[in-house]
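*Asks:* What follows is each chain in one-letter form.
2 protein chains.
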Amino acid sequence: MANEVNKIAHPFDKTRLEVLLNRRFFYAPAFEIYGGVAGLYDYGPPGSSLQANVIAEWRKHFIIEDHMLELDTTIMTPASVFETSGHVARFADWMVKDTKTGDVLRADHLVKSVLEARLAGDREVRGLAAQPQKEDEKKKKKKVKSVAVQLADEKVKEYETILAQLDNYSGLELGELCRKYDIRNPDTDNEVGEPQQFNLMFASSIGPTGQHPGYLRPETAQGHFLNFSRLLEFNNGRIPFASAQIGRSFRNEISPRAGLLRVREFTMGEIEHFVDPADKRHERFHEVRHIVLSLLDRHVQVQGSTELTRMTIGEAVDKGLVANETLGYFLARINLFLINIGINPKRLRFRQHMANEMAHYATDCWDAEIENASGWTECVGCADRAAYDLSVHSARTGHPLVVRQALKEPIITEKEVPEFNKKVLGKALGRDAGLVQKIVGEMDEAQLLELKGELVQGSAKLYADGKEIALTSEHLSIERKTFKQSIREFTPNVIEPSFGFGRILYTLLEHSFWCREQDVERGVLSLPPVVAPTKVLIVPLSAKEEFEPLVQEVSTKLRKAGIFSRVDDSNTSIGKRYARNDELGTPFGVTLDFASVQNRTMTLRERDTTNQLIGPIDDVIGVVTALVQGSMNWAEACQRLAVYDGVQAVD
Amino acid sequence: MANEVNKIAHPFDKTRLEVLLNRRFFYAPAFEIYGGVAGLYDYGPPGSSLQANVIAEWRKHFIIEDHMLELDTTIMTPASVFETSGHVARFADWMVKDTKTGDVLRADHLVKSVLEARLAGDREVRGLAAQPQKEDEKKKKKKVKSVAVQLADEKVKEYETILAQLDNYSGLELGELCRKYDIRNPDTDNEVGEPQQFNLMFASSIGPTGQHPGYLRPETAQGHFLNFSRLLEFNNGRIPFASAQIGRSFRNEISPRAGLLRVREFTMGEIEHFVDPADKRHERFHEVRHIVLSLLDRHVQVQGSTELTRMTIGEAVDKGLVANETLGYFLARINLFLINIGINPKRLRFRQHMANEMAHYATDCWDAEIENASGWTECVGCADRAAYDLSVHSARTGHPLVVRQALKEPIITEKEVPEFNKKVLGKALGRDAGLVQKIVGEMDEAQLLELKGELVQGSAKLYADGKEIALTSEHLSIERKTFKQSIREFTPNVIEPSFGFGRILYTLLEHSFWCREQDVERGVLSLPPVVAPTKVLIVPLSAKEEFEPLVQEVSTKLRKAGIFSRVDDSNTSIGKRYARNDELGTPFGVTLDFASVQNRTMTLRERDTTNQLIGPIDDVIGVVTALVQGSMNWAEACQRLAVYDGVQAVD
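Which chain is which? The protein sequence lines are A and B, in order. Using numbering that gives the first Met the number 0, read the first sequence as starting at 0 and increasing by one per residue. Using numbering that gives the first Met the number 0, read the second sequence as starting at 0 and increasing by one per residue.
No wet-lab data here; the hints were simulated from the structure. Predicted, not measured: the structure shown is a model, and the values here were computed from it. One should not assume that every hint holds.
A pair counts as met if it fits within one copy or between any two copies, since identical chains are not told apart.
[To be verified] Here are the computed lysine-lysine pairs in the DSS-like style, where the Cα-Cα straight-line distance is at most 30 Å:
1) Lys426 to Lys414
2) Lys59 to Lys559
3) Lys6 to Lys421
4) Lys543 to Lys426
5) Lys556 to Lys59
6) Lys575 to Lys407
7) Lys59 to Lys543
8) Lys156 to Lys543
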């Protein structure tokens with residue numbers, strides 16, 4: 000029964016996908032009727048539902064599964080917080096200005112697009128144009144005019160090396176690259192000036208007096224850190240634990256042009272897992288140890304390569320490629336999540352940041368990158384922020400952001416301790432008494448032992464303020480004492496998985512899109528039921544009143560089963576209605592016709608194969624519920640219901 | 000079995016509630032360790048869950064139930080949009096400055112707090128202090144020093160009248176009130192200056208050049224209006240339909256001091272119901288017609304009264320008190336929603352806006368107000384924005400935001416139409432030919448008929464540019480023609496229910512809070528299961544390993560039943576763990592002890608009564624699932640399971 004479905008009969012065409020997404024209002028440029036604003040997008044009904052479903056799945060997969068503490072903190076943030084966190088000084092990109100028009104370009108993107116265009120031109124001359132990257136190159140050529148000029152072999156190598164480590168360059172180096180390779184503004188062919196830093200935070204001011212500067216957060220993370228003490232208390236003082244937050248963040252990108260992949264306002268999900276720096280094991284690591292990931296570590300990249308290593312996360316942690324179990328646990332869980340919602344595992348990799356590339360707060364970082372028509376795009380970052388944030392906020396505010404842990408075994412230590420006979424000391428030395436206490440108090444173990452020896456032998460001398468001060472055992476004694484430490488106090492480290500839902504959503508749409516073999520106009524989005532905006536389409540033959548009771552019945556029964564359905568009784572053929580819903584990614588459809596009214600039967604259609612089954616209404620509802628919930632697959636459904644031969648419908 | 004629970008043994012104490020909410024981290028001042036920022040709050044784990052549950056219920060009650068089209072639009076908005084919508088010019092509050100310190104106060108709040116303090120002082124002298132408002136007054140006295148001075152009877156009446164229509168005053172009038180009644184800054188006793196407008200939108204700028212001013216949206220509504228054409232198309236061109244959006248909005252309040260009731264950043268839910276201005280009936284109005292609401296219309300308020308009228312929404316619409324069915328439908332649905340999540344129906348009213356009080360875009364507006372310790376607070380607004388927004392955006396952008404409807408019956412009209420013989424006209428009149436066409440083209444029916452008469456009689460004269468122009472039927476003729484109009488084009492009206500989730504959340508917490516009769520320290524939040532952060536608490540007798548398999552089993556079975564539970568195996572007595580969860584509003588608890596291990600039984604505790612039942616583990620899971628889903632009440636549960644006499648537990 001199962002038709003062969005050829006999803007790659009037509010090569011992926013980004014333009015077709017974009018037309019579909021726009022027509023079906025998955026998303027659209029915000030303020031479109033005002034001419035739009037670069038980097039701002041609105042989600043329409045199917046886009047909103049898809050996003051809500053991805054987020055609901057995220058909440059289940061991460062928050063519920065690992066009992067994380069959810070937070071909802073504010074976007075508007077006083078400047079002092081981001082001064083402390085380092086964002087005011089360092090959360091910036093390098094921009095260059097066209098020396099004649101003053102147009103602003105992001106420096107690294109300029110280098111990338113120009114060199115890639117030259118390489119494309121070179122490949123064209125060498126007759127290598129028909130690469131898998133073809134679609135990709137075509138798009139870019141629209142932006143950066145590439146001339147079919149052959150490059151010297153060593154030049155090709157140089158360009159490729161630069162591109163492989165593009166994220167590693169400083170502003171100074173980007174400026175040098177522009178001069179050395181004569182990189183100009185492709186729109187005007189003018190030279191560009193020296194790279195300047197541009198802070199990516201949106202600024203505002205809080206309150207009526209204008210005296211309280213604020214920023215819109217560029218990440219939700221600070222809201223977790225500032226509430227650390229409250230979270231720790233909520234968790235009964237225990238560590239490790241994770242907080243999680245889903246919310247909007249803002250980055251004032253220099254010149255965003257990449258659709259949902261680079262936007263100025265976005266919904267993110269962030270987890271801050273607080274862990275003992277001395278013990279970054281994870282109690283559930285054994286559950287994921289066997290999972291195989293595609294890794295691209297920093298050593299490989301620095302050598303100018305992008306070759307992937309397939310390895311279990313267990314092995315990667317054992318070998319020290321991934322720094323610790325907790326980081327490894329999250330990489331594996333991220334991998335599971337992305338595949339679960341429909342990302343193609345073959346187009347997913349984990350790339351380690353190079354040294355200069357890491358955010359100022361990170362000590363190690365792996366990005367989950369998803370391949371799409373624009374190349375490999377970071378969709379999830381997974382950074383070890385160490386104790387950076389908690390330490391700096393604690394230092395600035397004086398509020399201790401630490402864990403105090405009762406030690407199972409108290410730590411016993413012995414050390415030399417000076418005991419002053421303050422009365423005698425004061426009488427003998429007057430104002431110098433305080434000076435003596437200060438000097439002795441700051442002595443280390445060895446110095447104290449030496450002084451102790453001298454005192455035991457009768458007298459000792461100190462030199463201070465150019466004076467010699469004589470001391471005897473009447474002034475002070477030095478004793479060996481035992482100390483018992485039963486509380487350990489430490490600043491936790493933070494492992495932070497950080498998800499950009501817009502990027503995940505867009506790459507998911509690319510991975511889901513294909514066209515029917517027989518007709519390139521018939522686009523399909525093969526979204527998995529778990530994230531599809533609508534799970535079941537109810538299609539009455541027409542909007543006639545006689546179908547209304549059945550439509551209501553099926554709709555109510557599905558709602559009670561927790562399945563989100565929509566009715567399409569629009570005045571067009573059933574085929575057209577199904578085609579529209581293929582574009583909306585609706586995985587299943589049920590049709591109610593005259594036979595349904597007579598016999599209480601209903602057909603069930605599967606989106607990808609377009610195969611149809613038939614059975615009593617309640618059986619079909621049972622089967623479609625199981626299909627949506629993932630407890631049954633289509634092959635099993637074919638065992639439960641009869642094949643529909645198309646005879647029944649009375650048109 | 001059912002204990003009598005006396006929830007009002009102790010009068011409501013706002014301070015106790017606030018201590019509880021703070022200790023359990025429902026919410027806390029944002030940036031607390033930096034000293035906090037007025038009007039910004041973070042939600043901790045129970046607050047986040049409560050909010051998420053309220054929003055999930057909202058989505059079900061409104062979006063799913065009425066098939067609304069969900070949107071997710073951006074917060075950052077270019078200035079031009081709010082210039083058009085009128086927010087740049089008019090979305091402002093009146094502020095006054097202390098003439099000596101320069102402190103900024105919101106003018107209407109100043110008048111309110113000072114007059115209320117004077118009335119409180121008056122009541123004290125008259126021995127009327129022990130009013131139901133007592134708690135309320137106490138709080139206010141902390142802020143505004145009230146002196147126990149008796150007022151003249153007519154002064155009391157004047158103050159009460161001012162307070163009843165406080166929202167109706169212009170800035171000029173507020174300034175006059177301050178002078179007439181000697182209203183001063185209560186903190187300093189200094190006079191205040193003239194009221195000035197302060198725009199409540201946070202300003203920022205978009206992009207690297209600083210040339211594109213933007214604002215953070217103060218409401219989500221504009222995002223709906225700007226996407227109207229796309230939404231209409233998504234809805235197959237049909238009207239009425241509603242769009243809905245849940246998201247963050249921002250208002251730079253002048254001096255917010257009222258906790259969650261007045262904040263600078265908040266999550267809102269907004270519905271824009273687009274309707275034919277000629278037909279504001281609602282097809283489901285009959286379903287809600289019988290629902291009784293407490294109404295406070297504008298006529299009553301203008302008379303200085305706040306007396307409520309209890310009336311079915313059907314009667315209110317029939318009488319014209321509520322303008323139309325669609326507005327009435329939403330008022331009734333709002334009423335249902337609020338009661339469903341736990342708002343006390345006796346402390347809920349619908350107040351109509353007075354003429355001067357309405358937002359600049361509204362033609363009618365009713366607020367759902369919820370009573371709390373600070374008085375009656377607007378939590379939901381329900382405004383008829385008419386065609387205001389769509390019209391102004393359409394005029395500004397030139398993009399038509401209209402509905403085009405095929406008329407069932409074409410409209411046939413006849414009218415006089417001039418037909419020019421352009422050749423003859425041009426030859427005869429030269430440059431005046433165009434002028435003639437213009438003048439005749441602008442004539443109304445009567446003028447055309449007159450001209451037609453003259454032409455039929457031989458000749459006519461026009462006067463233009465001080466010249467007389469002679470015309471004959473060779474130049475033009477005027478004919479009666481028939482026109483058929485088969486498309487009707489109109490700008491829809493918008494009915495907008497707009498929900499502030501923070502205010503709903505806070506008033507819900509007030510309505511849910513009480514203390515155990517025997518001990519005022521034992522606070523309880525009687526949140527309904529549908530919104531409670533955790534539905535079931537699983538309490539093993541201790542964290543010992545022998546309970547672990549059962550804990551896992553119960554936890555997994557509840558998760559499969561869709562019930563969110565938490566395990567509390569902290570190292571403290573079961574009683575203390577239950578008390579903690581009473582404060583978190585957890586409606587049910589199950590206890591696993593040695594008897595559970597031996598007999599596979601489990602006890603079930605109900606939060607409000609603290610009554611306990613016992614039964615086989617799977618039976619208890621079945622009962623608690625039904626209780627949480629609302630398909631069983633506690634009395635029925637008592638029929639299904641045995642009363643627990645406390646003998647079984649082996650401590």
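*Asks:* Please go over all the hints and tell whether each is borne out by the structure.
*Replies:* Here is what the structure says about each hint:
1. In this assembly of identical chains, Lys426 and Lys414 lie within 30 Å of each other by CA distance solely inside one copy; the values are 28 Å within and 120 Å between copies.
2. When the C-alpha separation of Lys59 and Lys559 is checked against a cutoff of 30 Å, the pair qualifies both within a copy, at 21 Å, and between copies, at 12 Å.
3. In this assembly of identical chains, the alpha carbons of Lys6 and Lys421 never lie at most 30 Å apart, being 89 Å within a copy and 63 Å across copies at closest.
4. Within a single copy, Lys543 and Lys426 get their C-alpha atoms no closer than 109 Å, and across copies no closer than 62 Å, so neither meets the 30 Å cut-off.
5. Proximity of Lys556 to Lys59 under the C-alpha cut-off of 30 Å is found in both arrangements, the shortest distances being 25 Å within a copy and 16 Å between copies.
6. Taking the shortest alpha-carbon separations for Lys575 and Lys407, only the inter-copy value of 25 Å comes in at or below 30 Å, while the best intra-copy value is 70 Å.
7. Within a single copy, Lys59 and Lys543 get their C-alpha atoms only as close as 41 Å, which misses the 30 Å cut-off; across copies the closest is 27 Å, which meets it.
8. For the identical chains of this complex, Lys156 and Lys543 are neighbours neither inside a copy (68 Å) nor across copies (63 Å), given an alpha-carbon limit of 30 Å.
Of the numbered hints stated above, those contradicted by the structure are hints 3, 4, 8, listed in ascending order.
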